[in-house]
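Student: Residue strings, one per chain:
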Amino acid sequence: DTAVSQTPKYLVTQMGNDKSIKCEQNLGHDTMYWYKQDSKKFLKIMFSYNNKELIINETVPNRFSPKSPDKAHLNLHINSLELGDSAVYFCASSQGNPFNEQFFGPGTRLTVL
Amino acid sequence: AQSVTQPDIHITVSEGASLELRCNYSYGATPYLFWYVQSPGQGLQLLLKYFSGDTLVQGIKGFEAEFKRSQSSFNLRKPSVHWSDAAEYFCAVGITGNQFYFGTGTSLTVIP
Chain A
238 DTAVSQTPKY
248 LVTQMGNDKS
258 IKCEQNLGHD
268 TMYWYKQDSK
278 KFLKIMFSYN
288 NKELIINETV
298 PNRFSPKSPD
308 KAHLNLHINS
318 LELGDSAVYF
328 CASSQGNPFN
338 EQFFGPGTRL
348 TVL
Chain B
27 AQSVTQPDIH
37 ITVSEGASLE
47 LRCNYSYGAT
57 PYLFWYVQSP
67 GQGLQLLLKY
77 FSGDTLVQGI
87 KGFEAEFKRS
97 QSSFNLRKPS
107 VHWSDAAEYF
117 CAVGITGNQF
127 YFGTGTSLTV
137 IP
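As they're listed, the protein sequences go chains A and B. With the first sequence counted from 1, adding 237 to any position gets you the working numbering. With the second sequence counted from 1, adding 26 to any position gets you the working numbering.
Honestly, the hints are just simulated from the structure, not real lab data. Any given hint could be a false lead.
Straight-line distance between alpha carbons at most 25 Å, and here's what the computed PhoX-like set of lysine-lysine pairs gives [to be verified]:
{"hint": "1", "chain 1": "A", "residue 1": "259", "chain 2": "A", "residue 2": "281"}
{"hint": "2", "chain 1": "A", "residue 1": "259", "chain 2": "A", "residue 2": "246"}
{"hint": "3", "chain 1": "A", "residue 1": "277", "chain 2": "A", "residue 2": "308"}
{"hint": "4", "chain 1": "A", "residue 1": "278", "chain 2": "A", "residue 2": "256"}
{"hint": "5", "chain 1": "B", "residue 1": "75", "chain 2": "A", "residue 2": "281"}
{"hint": "6", "chain 1": "B", "residue 1": "75", "chain 2": "A", "residue 2": "273"}
{"hint": "7", "chain 1": "A", "residue 1": "277", "chain 2": "A", "residue 2": "289"}
{"hint": "8", "chain 1": "A", "residue 1": "289", "chain 2": "B", "residue 2": "87"}
{"hint": "9", "chain 1": "A", "residue 1": "308", "chain 2": "A", "residue 2": "289"}
{"hint": "10", "chain 1": "A", "residue 1": "304", "chain 2": "B", "residue 2": "87"}
{"hint": "11", "chain 1": "A", "residue 1": "246", "chain 2": "A", "residue 2": "281"}
{"hint": "12", "chain 1": "A", "residue 1": "308", "chain 2": "A", "residue 2": "278"}
Same shape as in the complex, but just chain B (with noise of 0.2 Å):
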């Protein structure tokens, strides 16, 4: 079965600091794959994608996704974070047949 794996729950990191969030899946083939972001009280957004091409992905407010194919994986990163980044960070694939699956999602925490 496919399946969307976010393995951290929750990150901390301080205003300023570096950013990885991790992504795996588990799809036989290479399949579509996003990152959007949830703020609080909000809906989500699109932050970036991937369809075909260059595996390194910017995005929306400095981010950028690297697709690894060895290691089925789509980590988000961001050189330095900003308060304004705490939010709730969704890893997503599409996959043949228009199906759609969101990661558990990982709580992004930033210390001032």
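In isolation and in its complexed conformation, chain A is listed as follows (with noise of 0.2 Å):
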């Protein structure tokens, strides 16, 4: 059984389209994540839900719009994509905090042409 899921693995689309990556876990954790990982290898939080609110929202374009519509989904909506927005994004989830372990997607790799 897949722990955190991811959908779809690739995605590649045009500057300017909206798309989303949907994330589901197994696990009967409260909290769920986005990450970006760059071109680097560079991974950085994005956004954090707990129980279906926002906890951790970084800095980061309101083109993102993360949607929790129970503790087992958490997707992601990016409008007007940009070539920058390409990137492996991970959904993970934990118990409680990010301090607990959390445990990761398979990654969604978006592609902007």
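Starting from the two chains in their separate frames, assemble the complex, guided by the hints.
Tutor: Shown next as structure tokens:
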């Protein structure tokens, strides 16, 4: 059974389009995250949701909007995609805060042309 | 500003050799400290973490790390590397306010 799953695995799109990435976890965790990993492998937290409420919102453009319909799902919607949005996006989950073990999904490679 | 530094971008070791990956942090107090590993094409997995107590921490896959307050370091070690250890290794810190930061990563290549 996959603990943290993301769809799609690859996403290729044109500049200006709107796209979504879905994430689901079956671990029963109450906190979920989105991370962005750039081409140099630098990994930065974007958002954190605890019990469907936004806890951490690092400085990211407001074109990025997370949505959490329930504790097991955290989707990422991106409007007006730009070249600089090309990266690998990871979803993760943990129980409580990020200092507890985080379980990561396999990542979504987004390429903006 | 808080920071996590991994001085070695890339390390190459022979299979069976020992390994040490360096991590330094910049923060006023002692943060929570972590090492995660990312195998090619996969998400990250926690190797070990340090919150308090014994400064030598044992983790999974035969890894250990030592916290040295005087050097603001949390270096990862393994006595004998296996080919399957080839991966990207990330040090991370957690500080008050649920802030969590990854280092820039060290890529490990293992030569047969």
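Student: Indicate, hint by hint, whether the structure satisfies it.
Tutor: Evaluated hints:
1. Of the supplied pair hints, the one linking residue 259 of chain A and residue 281 of chain A holds, its CA atoms being roughly 18 Å apart against a limit of 25 Å.
2. Proposed proximity of residue 259 of chain A and residue 246 of chain A is supported: the alpha carbons are some 10 Å apart, at most 25 Å.
3. Using a Cα cut-off of 25 Å, the hinted pair residue 277 of chain A and residue 308 of chain A is violated, with the two alpha carbons roughly 31 Å apart.
4. Restraint check for residue 278 of chain A and residue 256 of chain A: satisfied, since their Cα atoms lie roughly 22 Å apart, inside the 25 Å limit.
5. Restraint check: the Cα-Cα separation between residue 75 of chain B and residue 281 of chain A comes to about 19 Å, which is no more than 25 Å; the hinted pair holds.
6. Only pairs whose Cα atoms come within 25 Å are accepted, and residue 75 of chain B paired with residue 273 of chain A is accepted, the gap being roughly 22 Å.
7. For the hint pairing residue 277 of chain A with residue 289 of chain A, the CA-to-CA distance comes to about 31 Å; that exceeds 25 Å, so the pair is violated.
8. Taken as a hint, the residue 289 of chain A and residue 87 of chain B pair is broken in the structure, with Cα atoms around 34 Å apart against an allowance of 25 Å.
9. About 6 Å separates the Cα atoms of residue 308 of chain A and residue 289 of chain A, which keeps this hinted pair within 25 Å; it holds.
10. Restraint check: the Cα-Cα separation between residue 304 of chain A and residue 87 of chain B comes to about 36 Å, which exceeds 25 Å; the hinted pair is violated.
11. Among the hinted pairs, residue 246 of chain A with residue 281 of chain A is consistent with the structure: their alpha-carbon atoms are about 19 Å apart, no more than 25 Å.
12. The straight-line distance between the Cα atoms of residue 308 of chain A and residue 278 of chain A is roughly 28 Å, outside the 25 Å bound, and the hint therefore fails.
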